[in-house]
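Novice: So the sequence lines, in the order shown, correspond to chains A and B.
Just so you know, the numbering used here puts the end of the first sequence at 137, numbered straight through with nothing missing.
Just so you know, the numbering used here puts the end of the second sequence at 319, numbered straight through with nothing missing.
Each hint should be verified, as a subset may be incorrect.
[Stated by the list, open to error] If you want the footprint, here are the derived chain A segments under chain B, 3+ residues with CB under 8 Å: (1) 56-70; (2) 73-85; (3) 128-137.
Think of the hints as simulated: they come from the structure by calculation, not from any bench.
No residue lacks a Cβ here, since even glycine has one placed at the ideal position from N, Cα and C.
So the chains spell out like this:
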Amino acid sequence: NAGVMQNPRHLVRRRGQEARLRCSPMKGHSHVYWYRQLPEEGLKFMVYLQKENIIDESGMPKERFSAEFPKEGPSILRIQQVVRGDSAAYFCASSRATAHTGELFFGEGSRLTVL
Amino acid sequence: DAKTTQPNSMESNEEEPVHLPCNHSTISGTDYIHWYRQLPSQGPEYVIHGLTSNVNNRMASLAIAEDRKSSTLILHRATLRDAAVYYCIRGGYSGAGSYQLTFGKGTKLSVIP
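Let the sequences and hints guide you as you build the complete structure.
Specialist: Here it is, written out as C-alpha cells:
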C-alpha cells in the first residue's frame, strides 16, 4: 500500500507565477489535510478536505490560495501570483477517519522556492 | 497557538530510555494528546496518541497525568534513528468546527552513540 504521494518534491517559481502542488492520499483515505512549514517552525494547518468538499479552510490565506480534492485524481493546492513569503515546505496528510482519533499519514512534502 | 509547551531540545544516549515532557494545562475534556515526530527533510510520522489512560504501542509509551495537564512520551530504548523533532500536539476544534492538530516547534531529540 503506497504512502501519501506528493509532487513535485521541489518547485522553483519566480514572483508572480503560479504553483500547483499535488497530493495523492493513501488508498481508502477520503480525508486530506494540507499544512505549511516555514524554516525552523512547526507545521501550520491550512485546509481540510473530503472528496469534492472543503470542510475547513480556516488556516488558508484568503487570497491567492485555493485547494481542491476532486472525485477523481489527486488533491491540489494552488498558489497564484507567488511571493517570496510563500517559500516553504507544504505537506499533505491523509486519513481514513477524522483527525480526532485517527492517525494522519504525511507525505514527504513539496518544497517551494520563490525567487 | 500551539497550546502545548515542550523543551526546545534534549539529548539522550543510545540504548537509554528517553522521557519527553509536554505541558498542556488548558486542555479540555475531549481533546486528545497526539505525538508525531519529524526526521530531517521528511514529513511528520505518527507516534502515539491518547485521551486519559496511558497508552503503549510498538514505538513508544504515552503517560498522561491524572489531571491531563501534562504528558510524557517515553522511548524505551533510544536508537540513532530516533533522532528527530518530536511534536506534542493538543488537538482541538478550529473556528470552522473541525478537529485539527496544531503543531508547535517541538523538541529536537539528539541521540548520542
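Novice: Hints first: check each against the structure and report whether it holds.
Specialist: Against the structure, the hints come out as follows:
1. Proximity of the region 56-70 of chain A to chain B, defined as three or more residues with a beta carbon under 8 Å from a beta carbon of that chain, is established by the 8 residues found.
2. Coverage of the region 73-85 of chain A by chain B holds. Counting CB-CB distances below 8 Å, 5 residues qualify, and the rule asks for three or more.
3. A stretch counts as covered by a chain when three or more of its residues have a beta carbon under 8 Å from one of that chain; for the region 128-137 of chain A and chain B the count is 4, and the coverage holds.
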